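Trainee: Given the structure of chain C, go ahead and fit chain R onto it with the hints provided.
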Amino acid sequence: NAGVTQTPKFQVLKTGQSMTLQCAQDMNHNSMYWYRQDPGMGLRLIYYSASEGTTDKGEVPNGYNVSRLNKREFSLRLESAAPSQTSVYFCASSTGTDSGNTIYFGEGSWLTVV
Amino acid sequence: AQSVTQPDIHITVSEGASLELRCNYSYGATPYLFWYVQSPGQGLQLLLKYFSGDTLVQGIKGFEAEFKRSQSSFNLRKPSVHWSDAAEYFCAVGEGGGGADGLTFGKGTHLIIQP
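Note that the protein sequences, when read in sequence, are chains C and R. In this text, residue positions in the first sequence follow the working numbering: the first is 1, and each later residue adds one. In this text, residue positions in the second sequence follow the working numbering: the first is 1, and each later residue adds one.
Just chain C, with the same shape it has in the complex (with noise of 0.2 angstroms):
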């Protein structure tokens, strides 16, 4: 029971350098998301992919690009990473329909940028 999978776990960058978040699926879902969880802050979302080949801005999408590369996979890009972005990133997926829509996330990627 895969779900969604996210790469990788843990990861200390320089001000500065560029990364990528990775992200997979094994549920067939048309929906993805990237979002970002702070102290005090709940989960803020960054991005978004209704279906395979489109992709929307959320509440906080500066400083990111995503790529939805096909249905299984969705990636974040950070390019120049900063400060504050500092954070948990969770990438999530769900079947993007109206009805029994619900959301999986995966476990979580620990970003410290210094």
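Simulated from the structure, these hints should not be mistaken for lab results. Only a predicted model underlies this, so the values are computations on that prediction, with no experimental measurement involved. The beta carbon of each residue, even a glycine, is placed where N, CA and C say it ideally should be. One should not assume that every hint holds.
Quick look at which bits of chain C chain R covers, simulated, 3 or more residues with Cβ under 8 angstroms [said to hold, decoys possible]:
| no. | stretch |
| --- | --- |
| 1 | 40 to 49 |
| 2 | 102 to 113 |
Here are the simulated EDC-like pairs of lysine to aspartate or glutamate, each with C-alpha atoms no more than 20 angstroms apart in a straight line [unchecked claim]:
| no. | chain 1 | residue 1 | chain 2 | residue 2 |
| --- | --- | --- | --- | --- |
| 3 | R | K68 | R | D8 |
| 4 | C | K14 | C | D26 |
| 5 | R | K61 | C | D38 |
| 6 | R | K107 | C | E73 |
| 7 | R | K61 | R | D101 |
| 8 | C | K71 | R | E20 |
| 9 | R | K68 | R | D101 |
| 10 | C | K57 | C | D38 |
| 11 | C | K57 | R | D8 |
| 12 | R | K107 | C | E79 |
| 13 | C | K9 | C | E59 |
Mentor: What follows is chain R alone, placed relative to chain C:
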């Protein structure tokens, strides 16, 4: 824009006591509402969801929630908590397509269980 408020940042409950976690939402249309739980160092697990129909929703682990449109609330309840219920709880509201465009989360309520 939609929003979710969880008024209680921390709640402490004795083991075996009842629990109610509050959630208020702001959304123009019929909301799609969710409660998730997060254990330390883990991802989020869905407890229950409301899309339509019966306003009292049953979930996993003995939790239930009641949708009250007049109060814009979706409070989570459990009649008797267990030590394993200690976690962070998040209420969320979904946009179009039942949340297919992503969920808006509250800031969470940290539940502490006293022995």
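Trainee: Would you mind marking each hint as holding or not holding in the structure?
Mentor: Outcome of the hint check:
Counting residues of the stretch 40 to 49 of chain C whose C-beta sits closer than 8 angstroms to any C-beta of chain R gives 7, which meets the bar of three, so the coverage hint holds. With a cut-off of 8 angstroms between beta carbons, the stretch 102 to 113 of chain C has 7 residues touching chain R; three or more are needed, and the interface restraint holds. Taking the CA atoms of R:K68 and R:D8, the gap is about 19 angstroms. The hint holds against a cut of 20 angstroms. Distance restraint check for C:K14 and C:D26: the Cα-Cα separation of roughly 32 angstroms exceeds the 20 angstroms cut-off, and the hinted pair is therefore not satisfied.
Taken as a hint, the R:K61 and C:D38 pair is broken in the structure, with Cα atoms around 26 angstroms apart against an allowance of 20 angstroms. Between R:K107 and C:E73 the CA atoms are separated by roughly 28 angstroms; this puts the pair beyond 20 angstroms, and the hint is violated. Distance hint between R:K61 and R:D101 is unfulfilled; the C-alpha atoms sit about 28 angstroms from each other, more than 20 angstroms. With a C-alpha separation of about 39 angstroms, the suggested pairing of C:K71 with R:E20 is violated against the 20 angstroms cut-off.
Simply put, R:K68 and R:D101 have alpha-carbon atoms about 24 angstroms apart, too far for the 20 angstroms limit, and the pair is violated. Pair hint C:K57 plus C:D38 holds up; C-alpha atoms about 19 angstroms apart against a cutoff of 20 angstroms. Only pairs whose Cα atoms come within 20 angstroms are accepted, and C:K57 paired with R:D8 is rejected, the gap being roughly 30 angstroms. Between R:K107 and C:E79, the direct Cα distance comes to roughly 28 angstroms. Violation of the 20 angstroms bound is thereby established for this hinted pair.
A C-alpha spacing of about 23 angstroms is found between C:K9 and C:E59, which places the hinted pair above 20 angstroms, so the restraint is violated.
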